[in-house]
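As a plain string of letters, each chain reads:
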Amino acid sequence: MTYFYPCSRKSQAFLLALLLMGTGAAAQKKVFGKADSTKSASPEAAERLRHLPVSALDSAGYIRNTAMMLHQQGAASSPDLDQARKLPYFSVNSILAGRATGVDVRIPSAEPGKRSALFIRGASGLLLKNGDVFAAQPLYVIDGMPIQYDHAFAYDIQRFDFNRIGTEIDPLAFIDVNDIRTIQVLKDAGASAKYGPAASAGVIEISTRGPRMGELRVEVNGYAGMSLKPSQKVINGRWERDFRMPFYDKYATAEQYRSFPAYLADSTNAQYYGAADWDESYYRNGWMTGLHAGVSGGTRLASFRFGVGQSTQQGQDNTLARRYNVNFGINITPVKSLDWSTYLSAGMINRKRNQSLRDRMGDQDYILNLDRPPSPNKSLLDEYYGYLEQGVDRNRNTNVRVLNNLTYTFAPWLKFNSRFSIDYGQNFRDLFMPRTINDGNNFASNFDGLQTRMTFDNSLEFARYFNKHHLSVTAGQYNQWDRWRYMYGKAYRGKSDYIKIYQPSSPGDPNNGSHNLRLTANFKDRIRAALASFYGNIGYSYADKYHVSLYLRQDGSSYITEDNRWKMFPTATASWDINKENFLKDSKSLSTLRLRGSAGRMGKLFSLDYYSGGPVYNVEIGWEGTPNLSTYNAFPVLNAAYELGYVAPGIGWAYTDQLNGGVDFGFLNDRIRASVDVYARTDRDLLLKTPVTQEYGYSGMWQNGMDIRNSGVELTLEATILQNKTYAWSSALNASFNQNNLLALPGGQQSVVLNNRKFEVGMPVDRFWVLQNEGIYATDAAVPAGMNYQGIPMKGGDPVWIDRNGDNTIDDNDRIMEGSHNPKIQGGWANTVRYRNMELNFLMSYAFGRKLINENLAARFDFANREGADDIGAVKEVFFWAEPEGDLDRIPRYNPWSPVSPYQVNQTLFLEDASFVRLRSITFTYNFQSAFLKKRGLDQLRVYATGNNLFTWTKYRGGDPEAFSYLGYDQGGYNWAQPKSFTLGFNLQF
Amino acid sequence: MRKIWIGGLLLLMAAGWSSCKNMLDIESTRAVTEENMWASKNDAWAGSFACYGLLRAAMCNENSYWAHGELRAGHFTITKRGDLQAVRKSLLTSNYVTMDTWRDWRKFYAIIAQCNIAIAKLPGIPALDERYSSTEMELDLAQVRFIRAFTYFYMARIWGDVPLITEPVQGDFATVPRTEQNEVLNFAYNEANTAINKLPWQFDGVSPEQPGNYRGQGVSHWRSILTTKGAGLTLMAHIRAWQKDYQGAMDALTILRNNQSKTGYARVSITDLVSNGGTFRGRRNENILQMDMNFDHAEISTTGQIENWTLRAPDVTKKEAEIYVTKDSILNIFPQASDLRILNFFTDMGSMQPMFYKMKMLNDAVKNPTLRFFNSAIVIFRYEELLLLEAECQVRLDNPGPALTILNDLRGGRNITPLVNTLTKEQMLEEIFQERRRELMGEGWLWYDLVTFGKVTEYTGLSEADIQNGAIYWPISRAALSLNPKLTQFNYWK
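From first to last, the protein sequence lines stand for chains A and B. Numbering of the first sequence is given in this note's numbering, commencing with residue 259 and proceeding in unit increments. Numbering of the second sequence is given in this note's numbering, commencing with residue 233 and proceeding in unit increments.
In short, the hints are calculated from the structure, not lab data. There could be a bad hint or two in this list.
Said to hold, decoys possible - Derived DEER-like restraints, expressed as beta-carbon distance ranges:
#: 1; chain 1: A; residue 1: S525; chain 2: B; residue 2: T720; range: 53 to 59 angstroms
#: 2; chain 1: A; residue 1: D1070; chain 2: B; residue 2: T656; range: 50 to 56 angstroms
#: 3; chain 1: B; residue 1: K235; chain 2: A; residue 2: K803; range: 39 to 45 angstroms
#: 4; chain 1: B; residue 1: A545; chain 2: A; residue 2: I1074; range: 41 to 47 angstroms
#: 5; chain 1: A; residue 1: N527; chain 2: B; residue 2: T656; range: 58 to 64 angstroms
#: 6; chain 1: A; residue 1: V584; chain 2: B; residue 2: E259; range: 35 to 41 angstroms
#: 7; chain 1: B; residue 1: K235; chain 2: A; residue 2: A1203; range: 56 to 62 angstroms
#: 8; chain 1: A; residue 1: R1151; chain 2: B; residue 2: E259; range: 55 to 61 angstroms
Keep in mind that this is a model prediction, so the values were computed, not measured. Ideal placement from N, C-alpha and C gives every residue a C-beta, glycine not left out.
Full structure from sequences and hints, please.
The following block contains the structure:
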């Protein structure tokens, strides 16, 4: 191996790179009988390869926390877990909000245990509908094992996409924060490339508290607390009537007067004009508890850790999530030089969901009678809940993860590593709605989802010091098999509310069985995917001052056309520890100075398997409101996939190019530490369906070619301001600035309109597309001559929208791209103050430059189109009987019946600044003195009290500035704000 | 010992490398690729019936069939839906999601596209799958041809000049300008004419075009559900009538009349017309062609039928229907109190908003209380309509005699007094129009009748100049216009 030594000259480095590429290519050729589809290795390189002892590499880190695992290159940030462990967080995402740089956490609804989202350095693709969020999620890695995320495909059979069918339980809620040792957010290619194409949107790398050597240690952690019910200004029919009457007085015709809603017309009706006290029943203070215990210990030859935990959270609106989890890890050394680790984790989460009518109708794919909203009266709500008790809504996810790792050390500098993992998840929901609350027809459904991921990774690593030179070479191979499947069945109108299952009748006799066969439907869907990779890494450092590495990876994905299936993805990183140079070595004021840089290209996986074979045929003879019809006159049909879209032949890899530069500073013996990162992440050749000439029937064409760039700056500043025996004060500030830009659209298009948004090359991709308001035309005479809205003459009472192109016609050309739910800058500021054994910590998180559309307010004003309409947009919930949040007086009183849709959602009227600063958490901790503990045989004991979300400073008038849909719309009660809560807890170790 | 471990590890690695040999060749289990389609009898069956399915989908989508054919004519009153109100007032460029749907012709072009592929691919299948005979292929092909012809006729009535595309898409999505309406209609006529050569009068297994059981089902299963010679000739007559070539229409109608015994078409009693097992359940002799819905096939839906707009409490849990006919209009349209249709087409006449009750297809399995799954077929052509078309053509061709016979027969069946033979041509046409208006109410005809009878100005606020500017046609959707620069909007909608 001294062949490589010394390797300072460029040509030799280049040769090495070639050789590494050759390894991948040759291996691929051997296994697949097929040459590299992108680039073939030179014969010379192959020849050299034959003489080269195959060297080593491990993509996914080591379970045993060797120095190599910690040797982290590239941009990464880790939250302060010690504080987060005290807080009642159910999911990993909540831990990261405000604590990790470059991370944007989205929790559209604080329903306990419900799926949330997280974006690292901006979303890596377009978000057009809720299902798109799935593919933009980062890769979660637990102890080097890439966790399988839920799949969005079940949305295909849904008319409404509020929730994906199934449980919608957060797949990341399985992990108990007490089992986590560290979390790292890997942001650039230098840090995340080793996890391959699944990691192109970034990585959340979690390592758990694994087996440890030493005496038996027991830890017990527990907390209990309460989240407070929100206060709302409840109203009854009178408020709503008073709100609407001015519109009627001013604009209504006789016909419109006639259809004044009956429930508001009769002020003697106690159901709507009685006491507005629904909130007493609807809201509650929610309990939350958590208990966790762990045992660990062992010898050098065998060690283990066993952890078990339970956690329960109640929401304020009758929701609940409860988790049980166990995990077990063992390290053994059966023979010399062989390390064997097995980790096993299992968890179960049960969730009680919200009872909103909208979600229920979505679940049933059936719109119930909307003539009258629920009553604002408590007794009627209680009655309703009583009926609901007869129903069933069981949501349960179970998850088992097995990780097995073998490391064989041939020599201190040569290791072989083999890793095998299985991730198995079940997603199970039983739903039954009794006829009493369902327009007289009950509904039963059941969802049985299953997902499995198997990975297999083998690598050989060579790492050795040669004097001041350190060289490591790794080569390996990785396989991943994924499977998602579900069975979903539903049945309308069972014979009895006591029969909560369904057994369809036989075709001939509708009277046997519990349900008429024709009123039942069953769906089955599955996706399989596989990924095969070969990788090589070469790392070199000199005197621990200069570090360079080159990572090459050859990925093949089953999602991609055979001709384009294999592609090579390289990543290079370099760093320079300047403070180790002689001229800085003794400097105390500048104790750390490190320059980092990385450039890399990573593949990006698709999430659907349609794209590998050109145009497809599908069953698409349904229509709006009836999407799943599949037969004509009982005969099956198959049509070219007009709704799915035309799949252009030869679709290839999408990929991500990343550039990152960073500086780490440490001043005054590292009492002040700072990091600055500048990055550009460009997702290229993304797949997008854009509309095509409609005269061929297709809704659009899928093709590669969309490029989106996210670029920004990240800053972390940590300072130990005071520190001595009695008191200490430390402070940490992080800030992330991110912006995105559309660089290209498929086929050289310059702009495209999709789902009421416009995407224009050179502009950001996350802007709302809105009309600009400028008041109201008071009378018909005030309307400029010829001014019309898409051909409809404007009249008095219509909004003044700015006619940007001056053609006297207000249409899409007058819309502007304005405002985004992605903040310009966000982050957090944490402070810890210690006095003797007492510690106070608080975290403020903030976001500036965020704008939201207050859809809830728009809906309130748009009553003319929504009242009693047979449409899911017209659903009113119990929480309709609260004063809408927002500045009502600011909104002009337009003619709500006008055909120009004066209260359409997408206009600047409803666009508001939603910047905020929030006191996310405050923690008070008391650590018992060690002398006191020792006497009692304890290692550590601390008790703490926390408060969460206690204060928010914001200009946003629509309620909580963090509670909004994934697409940036505040939908009022559907976007449940994170509650204020208090907890008490302890950590004990003995 | 140590060697065993090393050997084991090497085996592991080998397993990893060899197991991925074919791991990446995973075919989608969710869709069929082009290369796997059109190879067998099953593909032919599914691919050709998809044309029917897509036609039904396009008509049902947001109740397009009635938005296009019924609402603009104005005899239905809207309770509160702004979008329906706008259609009624011909404000077809207004801003509603549904209005976008109605302006949009993509779903209709999906039918055309599917027909184009099927016409290209079907002839090759008998050679690939011996279970699929040429005769059966010809029969499927003729049906597909008819659907394409019908769809073009249907689109030409809605949008006027529409691009004529007759070849499967190649992936280049070339833009095509509008084709002049007459050319489109002539194409449709010729295609229908070609199709009828291979279509049977009925799917009864006795004609050379259709031997044996078609797809394993007998004549009663297919009656009025599949296209026949009769449906083809009806379409041809309608195309010619729309082109004001009444002799051409009459020629097709004459063939139909001469083959009455083969078509089996019969008039329907008022009871059967509105009963639950009647016309809108279909498969009956009065129906020439229907887009089928059927509870027994689970082809039922909450939307896509006119019931979705017209029914209310007590039949469905909705206080107010979306549309209704006012009492004044009812008395106006049905001036003779003896008319059997009044009490059969309407109910709850005492209330402010009588309920239009001609279609109320709720299977017993979804009644009491109602689960809103309707199963009424869209009746595209039915015998009464055909007879009225014949009467119209006879009058236009100055043969009032036969027209009067037809008209009085129909009037007798609905219990209104016969007409006398002293009417002028204009009066006769007015009577025929009024009879169509009464008989076909809610069946998606009235708007087209206003056009063919030249009564648009009389019944709507549109002027003659508006009509010249294209107001009788629907505007093209903004999406279609922006994607195809060769398209132009009619002046009225600019």
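Problem - Distance restraint evaluation - R1151 (chain A), E259 (chain B), Cβ atoms, bounds 55 to 61 angstroms - result: Since the Cβ atoms of R1151 (chain A) and E259 (chain B) sit about 59 angstroms apart, the hinted range of 55 to 61 angstroms holds.
Practice task
Take the C-beta atom of S525 (chain A) and the C-beta atom of T720 (chain B), compute their distance, and say whether it sits inside 53 to 59 angstroms.
Solution key: holds (55 angstroms)
Practice task
Using the Cβ atoms, figure out if K235 (chain B) sits within 39 to 45 angstroms of K803 (chain A).
Solution key: holds (41 angstroms)
Practice task
For the range 50 to 56 angstroms, tell me whether the beta carbons of D1070 (chain A) and T656 (chain B) fit it or not.
Solution key: Roughly 51 angstroms apart at Cβ, these two residues keep to the hinted range, so it holds.
Problem - Range agreement (Cβ of I1074 (chain A) with Cβ of A545 (chain B), hint 41 to 47 angstroms) - result: holds (45 angstroms)
Practice task
Determine whether the Cβ-Cβ distance between N527 (chain A) and T656 (chain B) falls within the hinted range of 58 to 64 angstroms.
Solution key: This hint holds: roughly 59 angstroms between Cβ atoms.
Practice task
Indicate whether the distance between the beta carbons of K235 (chain B) and A1203 (chain A) respects the range 56 to 62 angstroms.
Solution key: holds (59 angstroms)
Exercise for the section: Note whether the CB distance of V584 (chain A) and E259 (chain B) lies within 35 to 41 angstroms or breaks it. Expected result: holds (39 angstroms)
The earlier numbered hints are all upheld by this structure, with none contradicted.
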